[in-house]
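Peer 1: One letter stands for each residue in the lines below.
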Amino acid sequence: KQEVTQIPAALSVPEGENLVLNCSFTDSAIYNLQWFRQDPGKGLTSLLLIQSSQREQTSGRLNASLDKSSGRSTLYIAASQPGDSATYLCAVRPEIQGAQKLVFGQGTRLTINP
Amino acid sequence: DTEVTQTPKHLVMGMTNKKSLKCEQHMGHRAMYWYKQKAKKPPELMFVYSYEKLSINESVPSRFSPECPNSSLLNLHLHALQPEDSALYLCASSQDARREQFFGPGTRLTVL
Chain V
-3 KQEVTQIPAA LSVPEGENLV LNCSFTDSAI YNLQWFRQDP GKGLTSLLLI
47 QSSQREQTSG RLNASLDKSS GRSTLYIAAS QPGDSATYLC AVRPEIQGAQ
97 KLVFGQGTRL TINP
Chain P
503 DTEVTQTPKH LVMGMTNKKS LKCEQHMGHR AMYWYKQKAK KPPELMFVYS
553 YEKLSINESV PSRFSPECPN SSLLNLHLHA LQPEDSALYL CASSQDARRE
603 QFFGPGTRLT VL
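Chains as they are written, first to last, in the numbering used here: chain V, -3 to 110; chain P, 503 to 614.
Where hints are given, some of them may not hold.
Derived contacts from chain P toward chain V, CB cut-off under 10 Å, selection only [claimed, not checked]: (1) V506; (2) A533; (3) Y537; (4) P545; (5) L547; (6) C593; (7) A599; (8) F605; (9) P607; (10) R610.
When the alpha-carbon atoms are kept at most 27 Å apart in a straight line, the in silico DSS-like pairs for lysine-lysine are as follows [said to hold, decoys possible]: (11) V:K(-3) x P:K540; (12) P:K542 x P:K555; (13) V:K97 x P:K540.
Calculated from the structure, these hints are not laboratory results. Beta carbons: idealized from backbone N, C-alpha and C, even for Gly.
Extracted from the complex, chain V is given alone in its bound form (with noise of 0.2 Å):
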């Protein structure tokens, strides 16, 4: 069964600072990684999505890498702003077969200080 697990849970930094976030999953068979935020009490947004034969993607201040081998991907923030504040959650597609479900993270609270 896949599990994703994004470490830390919450992360505080101040304005400016360049900042990686993590995600592991369990099960390398994966079909795509999709990150998203979420403000307080809102929808989910995507940010990037990483397909399984990609190594990273970028937009804007933000890169995305994925290493599918070792169950890992990262989220590269720069240049911090206080609106990059919000909770970012990253999920996998299984690569099963007719797999619909996407497998979520528990998410990364992130507090930027201004």
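With chain V held as given, fit chain P onto it using these hints.
Peer 2: Chain P only, in chain V's frame:
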């Protein structure tokens, strides 16, 4: 347009009420999802519709009844809910069931 809309934003209902949550997308997506999310937890999948057919029901109690009237709309009918059903209900859609998922803003449901 990568928008999924949900109505209402907030809903308070008694345990004997019948209500419905609505979700709409106009991205031509053929897979739509209902999730339930409790505070400080990740979303839990409830139902998946693929090409307007129910393809996954995650053993959800029958007091939750999904409906997909057409490829753009998804409803969740609620009846005889319990206080523990209070949560944020999220709708999502994707081009097909293996592609990037886009979420709506959610409906905050309170059951009294």
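Peer 1: Name the hints, by number, that the structure is in violation of.
Peer 2: Hint 12 is the one this structure does not satisfy, whereas the remaining hints hold.
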